[in-house]
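Hints in hand, dock the two standalone chains.
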Amino acid sequence: MPEAIRHVEHVMGTVVTFDIRTGPSPAVAKALEEAVAWLHHVDRVFSPYRPGSQLTGLAEGRLTVGECDPDVAGVLRRCAELEHLTDGAFTGRPGGRLDPSGLVKGWAVERASTILHDAGALDHCVNGGGDIQARGESRPGRPWRIGLTDPHRRDRLIAAVTGHDLAVATSGTAERGTHIVDPRTGRPAAGLAAITLVGRHLADVDALATAGLAMGGAARAWTEAYPGVEALAVASDGSAWCTTGFDDIALFLPREGMSLPGRSQGDRSPGNS
Amino acid sequence: MHRATIATGTTIAGVVLLLALKPHHQAVPVTRPPAPEPSPSGGGAKAAAANGTYRGQSVDTEYGPVQVEITMSKGRLTAVRVLRAPSENGRDREIAAMAVPRLTREAVAAGSARIDAVSGATYTSEGYITSLQSALDRAHA
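Just so you know, the sequences run in chain order P and V. Under UniProt numbering, think of the first position of the first sequence as 1, with each following residue one higher. Under UniProt numbering, think of the first position of the second sequence as 1, with each following residue one higher.
Calculated directly from the structure, the hints in this document are not laboratory data. There are no misleading hints in this set.
Just some of the chain P residues that point at chain V, by a computed CB distance under 10 angstroms:
#1 125
#2 127
#3 129
#4 146
#5 148
#6 150
#7 170
#8 193
#9 194
Nothing here was measured: the structure is a model prediction, and the numbers come from that model. All C-beta atoms in this analysis are idealised placements derived from N, C-alpha and C, irrespective of residue type, glycine included.
Next up, chain V with everything else stripped away, as it sits in the complex (with noise of 0.2 angstroms):
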């Protein structure tokens, strides 16, 4: 029970950290970003492009369908919404109810890290395509 807690909200989490690092390439945006900010001095131009809020799309984890939706304010992750959760029965809505407050802060957590690079077992160049790098490397591009 803990353990599929756990598990439930690592896969989300995972989840929007994608959509977190390339919004624009895994994501729909469901409302108009507002008229670009004035860019604090020393902000890109990228920060502005990332205001909004997108949905994601409906993934398939071994839980059952997820779905969320991201707030992004100056090209940070500011707020997670569950939109769609593992709910099939009454414990699977309580492991959701548990596990979304703790993943939306370890969610924003990490999204607002605003990682440069990642560091894991080393990639082959096929490899380098799913890699959280490469989402890194086209977000910049």
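Next up, chain P with everything else stripped away, as it sits in the complex (with noise of 0.2 angstroms):
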């Protein structure tokens, strides 16, 4: 095997470990610098943390779009296809504030592992803060490994998936608390402890992830439905479930104190529909 890279980056509010597995090259060291600044420029424009940052200059009115970096007015109008989608269980306005950084973090990775893919470095795994995208293999014939943690144990794995080229974000209240405001009652999302979505692009599967969250578990049939995305959900009673297709992608899957195919109604939470 080829020796493989490992960097590891804190950025964004988060860590980014950057794991490339293509044979170091001249070209792959100058990607993977700029993959770094990249995750930094974006911070810089699109934290909302940020006194200086654009999207605070936005969000306060002291921006319009048309004077921010290109990519914001991009992000924006995701956010809002988003939202459709989702049918408002997205949002790029949480509790009435402009903040996209349920896109922002996915996007942004999902980009830094497409300069790292240009510049040939075809084998590598980016994760960002726990969302993962990765392409190409892990070493010769072998694709990747994600494993998954458990919401209620987190140094535990509940499950693995594989692939080739993979999406693997996961939203969940136990890093957080129940950080989550479900955007269509304005209270915490309740009814799933933590929802895993697997896919191609991180941009579109980490803004999924968190709008699954939010539906709890209306988010079975809905990923069940969505083309291209798996998803496995551990509900706040422990039990679990996955999409009919999970299987196909998983190393291993829930089995210990788990009732899988589980209850799709986890949500015990009073006066959630």
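In structure tokens, the structure reads:
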């Protein structure tokens, strides 16, 4: 196996791991530098927490979209599409304030992966805080293998998926508390402890995972019907379910202590339809 | 009762998984690894380094102290022995007896999967430090 490059970068309020299996070369090293610089650029432009970011200027009315980086218009357009696509479960304006973070990280990580790919680093995996874009293979003839953490015990895997070109995103309440608010009710999303979506493009998959958590139990039928995406979810009561196609990409599935196929309505919170 | 079995099993599986990911960080070798076998072509130096039997630290779980010993061969987890399991009374012993063979299979399956990356709910910079992805990064650094 050729020597691999592993680089860990603190950016966007999280940690991004670059795992490049294509052999080292000046072109690959340069692409990694570019990809890292790209993520910091995105953070400067899109961070809702930085007072000096263009996004903050836009949210406070000090800037217009036309005065911002051209990517800003594209991201906001995509947020609107996703909002429509998910019937409002995804939003670029949580709590009424402009904040496209639900799309930006996955989109930025996918673009970082494309920078590597275009420079000839065909085999790599970029993990942005738990959301992953993987391409090519992990070693000659072997697809990537991505473990999924148990939302109730984060040092344990509940399942793993495998493939050559994979985007894997998990949205859950474990790491930051109930930080996902269902935009339709204005209340913290309930019903699911975590949901993982697997597809090809992290920009979509990451945003849809966020939407899936807000949907709660209804995410099961929604992801089942959505083309090119498979889902695995763990409900608050510990039961699990997955889409019918998930089995085809799974290395192993939840077994211990989880009913699978599980109840589709794990949502037991009162008043939640 | 059934629930307790599962909980004990998963707790130990979690410990085993961490050991499998970073034996040189969390475990103490109890037997000298045999002289490194010639690496098969395509095998990395890391695989050879992971050979041997490792004893994990005793970990206090809500069910009592748990300690396991794992055997790695060419970087793969091939066996798990439970040295210490919650066994204060007959019922717990019964639970452990049922759980252990099962968790061994599970852990070996997970270890053999040789995961490349880990997806989970978005971690912060601080949360990364204790994440499985961080363990993977350190194991391969």
